[in-house]
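*Asks:* Kindly generate the complete structure, drawing on both the sequences and the hints.
2 protein chains.
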Amino acid sequence: MLTDSDRYQLLKALEHNPNLSQRQLASELGYSLGKLNYCLKALMDKGWVKAENFRTNQNKTAYLYQLTPAGITEKARVTRRFLQRKVEEHQQIEQEIEALKQEVAQQTP
Amino acid sequence: MLTDSDRYQLLKALEHNPNLSQRQLASELGYSLGKLNYCLKALMDKGWVKAENFRTNQNKTAYLYQLTPAGITEKARVTRRFLQRKVEEHQQIEQEIEALKQEVAQQTP
DNA sequence: AATCCCTGTTCAAACGCTGAACGCGCACCG
DNA sequence: CGGTGCGCGTTCAGCGTTTGAACAGGGATT
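In the order they appear, the protein sequences are chains A and B. Heads up, the first sequence is in our numbering, so the first residue is 2 and it goes up one at a time. Heads up, the second sequence is in our numbering, so the first residue is 2 and it goes up one at a time.
Careful, some of the hints might be misleading.
Copies of the same chain look alike in the list, so a pair counts if it fits in one copy or across any two.
The calculated lysine to any residue pairs, modelled on SDA-like cross-linking and capped at a C-alpha distance of 20 Å, are [stated by the list, open to error]:
no., residue 1, residue 2
1, Lys42, Asp5
2, Lys13, Glu95
3, Lys47, Gln25
4, Lys13, Asn38
5, Lys102, His91
6, Lys47, Glu99
Honestly, the hints are just simulated from the structure, not real lab data. These numbers were taken from a predicted model, which means no experiment stands behind them.
*Replies:* Here it is as structure tokens:
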């Protein structure tokens, strides 16, 4: 698929480290290589990320995965949306914990 | 698979309603019929739940999915474990939210 | 030229999940 | 007594997602 979490995590990682390889990104985010390639391609299809060929000073060829202006805008939007979702999740877990605590308290009096 | 969440939810549901059909249980927990059947069978294989043939007063045949003594013990264990995991998750989300808030604050000054 | 290493890309296989379909047994009715 | 309907548990082909081994390409090193 391509969830908001994927979008957020990838855009954030690329914002800070546009010079990582797909393998490094995958490892950093805990994604498989295939999934990362899929997600990255999706971001590029949307025009949020642009791959630029570049070579390190004295090293191999590689790509630079840079956020486009549209990507920067989108990253801001996704971040706000993701935050809101996390806040809701947080509240829900709080209730769940309260219920679980009562349950544990009752089960061995 | 069969996560702690599955174990907890099913054991809890059965503790309160041993007389529900698999379809009713699935609907209540938001599981598909196939998944519920799989999970329930797993609990029975472990010896935590026992299916007893019974017939409602003036109705059809059905099963009673009752927790065994071992099942009651296990339910208590799983509940504690599940609570602990939720507390950790809660703390982690709290940190994540804090980071996201700072990120949002910085992105449109 | 040959070898090595690190790229990005691909895609068959594995996995988890779904829900339509099936067989069974009971209750009701003609 | 047969027929029909209903709800039950069970099954499994099909689906969408995910995995990671395998591949092709290009620069560096020998």
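*Asks:* None of the hints should be skipped; say for each whether it holds.
*Replies:* Do the hints match the structure? See the list:
Proximity of Lys42 to Asp5 under the C-alpha cut-off of 20 Å is restricted to the intra-copy arrangement: shortest distance 15 Å within a copy versus 35 Å between copies. Within a single copy, Lys13 and Glu95 get their C-alpha atoms only as close as 27 Å, which misses the 20 Å cut-off; across copies the closest is 19 Å, which meets it. For the identical chains of this complex, Lys47 and Gln25 are neighbours neither inside a copy (22 Å) nor across copies (41 Å), given an alpha-carbon limit of 20 Å. Proximity of Lys13 and Asn38 under a CA criterion of 20 Å is satisfied intra-copy only: 16 Å inside one chain copy versus 41 Å between copies.
Taking the shortest Cα distances, Lys102 and His91 sit within 20 Å of each other both inside one copy (16 Å) and across copies (14 Å). Within a single copy, Lys47 and Glu99 get their C-alpha atoms no closer than 42 Å, and across copies no closer than 29 Å, so neither meets the 20 Å cut-off.
Comparing the model with each earlier hint shows violations of hints 3 and 6; every other hint is respected.
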